[in-house]
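Undergrad: Protein chains in written order, with my numbering: chain A, 1 to 308; chain B, 1 to 378.
No wet-lab data here; the hints were simulated from the structure.
Some hints could be false.
Unchecked claim - Distance ranges between label pairs, derived from CB positions:
1. A:L107 / B:V82: 39 to 47 Å
2. A:D306 / B:L13: 29 to 37 Å
3. A:V132 / B:V82: 49 to 57 Å
4. B:Q128 / A:L226: 23 to 31 Å
5. B:Q128 / A:L24: 46 to 54 Å
Claimed, not checked - A few chain B residues that face chain A, going by a derived Cβ cut-off under 8 Å, partial list only:
6. P89
7. C278
8. L288
Remember, predicted model here, so these are calculated numbers, not experimental data.
Where a beta carbon is used, it is the ideal one built from N, C-alpha and C, also for glycine.
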Amino acid sequence: MSPEAAAERPRRRADPQAWLRRALALPYGWLLLFLLGPFLIVLKISLADPIVAQPPYTPLFEVAEDGARRLAASLDNYRFVLSDRLYLYTYLNSLKLAAISTLLCLLVGYPMAYGIARAHPARRNLLLMLVVLPFWISFLLRVYAWMGLLGTNGTINELLLWAGVINAPLKLLYTDTAVFLGMVYSYLPFMILPLYANLERLDPDLLEAAADLGSRPRQVFRDVTLPLSFPGVVAGCLLVFIPAMGEFVIPTLLGGPESLMIGRVLFEEFFANRDWPVAGADAVLLLAILLVPIGLFQYFEARREDET
Amino acid sequence: MEERTPLASTPWLDPDARPFVRIEGLSKHFGDFKAVDAIDLDIYRAELFSILGASGSGKTTLLRMLAGLEAPTSGRIEIDGVDVTDAPPYERPLNIMFQSYALFPHMTVEQNVAYGLKKDRTPGPEIQRRVAEILDLVQLSSHARAKPSQISGGQSQRVALARALIKQPKVLLLDEPLAALDKKLREHTQFELVNIQDQLGVTFVVVTHDQEEAMTLSTRIAVMNEGRFTQIGTPNEIYEHPCNRFTADFVGKINLFEATVIGGGDAEVTLRCEALDCTITLPHAAPLAAGAAVSLAVRPEKIFLAKEPPRETDRTVLRGVVLDLGYFGGLSLYRIETGNGTVIEVSAQNRQRDARGPEWDDEVYLSWDASNTILLGE
Ligand SMILES: Nc1ncnc2c1ncn2[C@@H]1O[C@H](COP(=O)(O)OP(=O)(O)OP(=O)(O)O)[C@@H](O)[C@H]1O
Ligand SMILES: [Mg+2]
Chain A
1 MSPEAAAERP
11 RRRADPQAWL
21 RRALALPYGW
31 LLLFLLGPFL
41 IVLKISLADP
51 IVAQPPYTPL
61 FEVAEDGARR
71 LAASLDNYRF
81 VLSDRLYLYT
91 YLNSLKLAAI
101 STLLCLLVGY
111 PMAYGIARAH
121 PARRNLLLML
131 VVLPFWISFL
141 LRVYAWMGLL
151 GTNGTINELL
161 LWAGVINAPL
171 KLLYTDTAVF
181 LGMVYSYLPF
191 MILPLYANLE
201 RLDPDLLEAA
211 ADLGSRPRQV
221 FRDVTLPLSF
231 PGVVAGCLLV
241 FIPAMGEFVI
251 PTLLGGPESL
261 MIGRVLFEEF
271 FANRDWPVAG
281 ADAVLLLAIL
291 LVPIGLFQYF
301 EARREDET
Chain B
1 MEERTPLAST
11 PWLDPDARPF
21 VRIEGLSKHF
31 GDFKAVDAID
41 LDIYRAELFS
51 ILGASGSGKT
61 TLLRMLAGLE
71 APTSGRIEID
81 GVDVTDAPPY
91 ERPLNIMFQS
101 YALFPHMTVE
111 QNVAYGLKKD
121 RTPGPEIQRR
131 VAEILDLVQL
141 SSHARAKPSQ
151 ISGGQSQRVA
161 LARALIKQPK
171 VLLLDEPLAA
181 LDKKLREHTQ
191 FELVNIQDQL
201 GVTFVVVTHD
211 QEEAMTLSTR
221 IAVMNEGRFT
231 QIGTPNEIYE
241 HPCNRFTADF
251 VGKINLFEAT
261 VIGGGDAEVT
271 LRCEALDCTI
281 TLPHAAPLAA
291 GAAVSLAVRP
301 EKIFLAKEPP
311 RETDRTVLRG
321 VVLDLGYFGG
331 LSLYRIETGN
341 GTVIEVSAQN
351 RQRDARGPEW
361 DDEVYLSWDA
371 SNTILLGE
């Protein structure tokens with residue numbers, strides 16, 4: 001073989017690895033630009049002190065009189081957030097709200113996903129369309145619509161008064177119930193879609209095999225359907241839990257003044273108090289909390305991959 | 001284990017024998033389509049009964065109705081004297097082995113096999129003992145802790161078999177049990193299956209579209225077409241004495257020729273066959289009207305192929321040239337074209353290592369004994 005030919009060879013052969021690397025560069029680049037970048041900025045702000053200026057926080061590097069630059073980072077904001085009872089309460093409250101909302105979504109979403117997956121194939125797409133239909137209207141508008149429905153002079157109270165079921169309007173709006181209603185309503189599709197994707201793939205032969213071996217329908221569900229749909233349950237719960245944890249609009253618009261959520265506190269610190277560093281520390285801590293379930297999910301997925 | 005009566009030699013010939021599985025007028029319609037069309041069938045204790053049919057002939061549907069997974073449109077199913085037509089699957093004394101095996105992916109081999117016993121609330125120690133016993137029988141003891149995804153196709157098949165057998169069902173239904181295996185493993189497993197069936201004395205109903213499988217496995221075969229049985233009989237009856245065109249054509253290779261009845265007496269019939277350009281007289285019990293259209297059939301291996309005309313005179317003899325030949329090792333398959341353009345398939349065993357058989361375009365003589373000619377009505 002001539003030296004020229006030898007030199008040319010590697011270029012001619014298409015390297016599938018190279019394409020893979022290029023294809024992977026896109027999501028990684030995206031994450032770098034829109035996730036890691038902003039995160040680093042927030043992290044930087046969380047280490048600064050608030051000042052009345054534009055921007056309202058001290059720079060990361062102080063320039064001393066002799067022109068030397070000095071790192072001026074402090075963990076004071078974290079200490080403050082972690083030691084303040086109010087913040088602790090807020091975190092626990094958000095955790096509770098997110099957990100209960102996730103559980104409610106699961107209880108409502110599982111039967112719906114199951115029903116859609118068991119429906120006639122021609123019907124399934126229509127039913128799925130109906131599940132995602134609310135997304136066609138802005139999220140904010142839909143929450144406002146709930147305010148109209150739940151208010152003291154809202155549709156529901158009017159209807160109940162007119163029907164004579166109640167004598168005085170019920171307090172529906174600005175309650176925890178209203179918040180949960182709004183949460184379940186808004187996040188249900190995120191529970192149904194991954195669950196449906198999982199249940200739809202479930203091999204019907206497995207269910208019939210279990211029945212043939214002596215299981216009643218309820219036992220078939222417990223022994224086969226439920227354990228095999230576990231990855232779908234985990235995915236759905238994460239998709240609801242993570243945004244629910246930082247949810248701001250629903251508790252603010254539908255909840256009472258006492259329903260303090262991280263998202264709401266973040267907003268207050270950031271816009272009302274203009275204390276960006278504390279808000280930054282808040283955000284970083286929220287992210288740290290959310291890393292726990294994500295890590296658990298990764299762990300379960302990896303273990304499942306190992307098995308199959 | 002429960003005492004099993006072995007298969008009486010030919011219970012289906014004994015008018016007093018009580019069938020173990022009795023199917024009466026069973027139908028399944030999907031809309032206007034009759035997947036299973038008014039089937040009657042008796043299966044006897046400890047039989048290994050095969051249902052043979054082309055794809056879409058309704059075999060799986062029939063099996064699913066037996067298992068209770070599909071509700072019949074009409075008809076009755078009785079097992080061991082009990083009407084189970086409307087019983088749910090979990091109450092039927094039979095188990096099914098699925099075409100897809102349907103092993104539970106989240107359970108180990110052991111847990112899969114034990115599942116049926118757990119549902120029966122069998123005590124723990126007994127479950128352990130019986131699982132160990134049956135895993136031993138299917139030679140999978142060393143894989144008891146493996147997940148279904150970690151074992152091979154042949155092993156999965158044996159797990160599925162063990163899982164379906166462990167409850168000692170009265171009847172075991174098997175839907176294409178060997179379809180997923182390669183040829184060598186399939187042959188091996190066939191014999192294993194027969195052995196296990198022999199040892200346990202369970203009644204097997206096997207669905208297959210593989211004729212060889214049906215032939216080697218079964219005590220009797222039902223040939224199915226478009227939701228109906230065209231013939232039920234022993235492998236030998238089905239092969240050598242098909243009673244209609246479909247069965248003859250579907251099972252094994254066969255040469256079919258149109259013929260017309262031109263005369264005959266009480267015990268015989270004389271036919272004119274244009275394709276073979278000859279007149280044949282065959283023994284036949286029932287009288288046939290002159291002019292009736294019938295078919296003549298001859299299996300390729302019943303035809304003798306020679307380069308010289310045969311000396312015997314009582315045989316049907318034809319002359320032709322070799323159109324095509326295929327060498328299969330143990331035997332060769334020839335396609336011979338006769339003078340009037342009829343093509344006949346002949347198979348010949350290659351008995352001598354170095355013998356030279358006829359080659360392309362060689363002139364050859366075909367002959368067969370009249371007793372090997374099958375006469376088929378419609
Ligand atoms: N649920 C159903 N709805 C409508 N038609 C069906 C249904 N199940 C089966 N069929 C039809 O009934 C016919 C028989 O199907 P079946 O599965 O019994 O065939 P089979 O003999 O087992 O075929 P194969 O050898 O391919 O497994 C087919 O034409 C099939 O399309
Ligand atoms: Mg089938």
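Undergrad: Next, verify each hint and record whether it holds.
TA: Each hint tested on the structure:
1. A:L107 / B:V82: 39 to 47 Å: holds (42 Å)
2. A:D306 / B:L13: 29 to 37 Å: The hinted range 29 to 37 Å is violated for A:D306 and B:L13, with Cβ atoms some 58 Å apart.
3. A:V132 / B:V82: 49 to 57 Å: Given range 49 to 57 Å: holds, Cβ gap about 50 Å.
4. B:Q128 / A:L226: 23 to 31 Å: holds (25 Å)
5. B:Q128 / A:L24: 46 to 54 Å: Holds, since B:Q128 and A:L24 (Cβ atoms, about 49 Å apart) stay within the stated range.
6. P89: Holds: closest Cβ of chain A sits about 4 Å from B:P89, inside 8 Å.
7. C278: Since the shortest Cβ distance to chain A is 54 Å, the answer is violated.
8. L288: violated (49 Å)
This entry does not satisfy hints 2, 7 and 8, going by the numbered hints stated previously.
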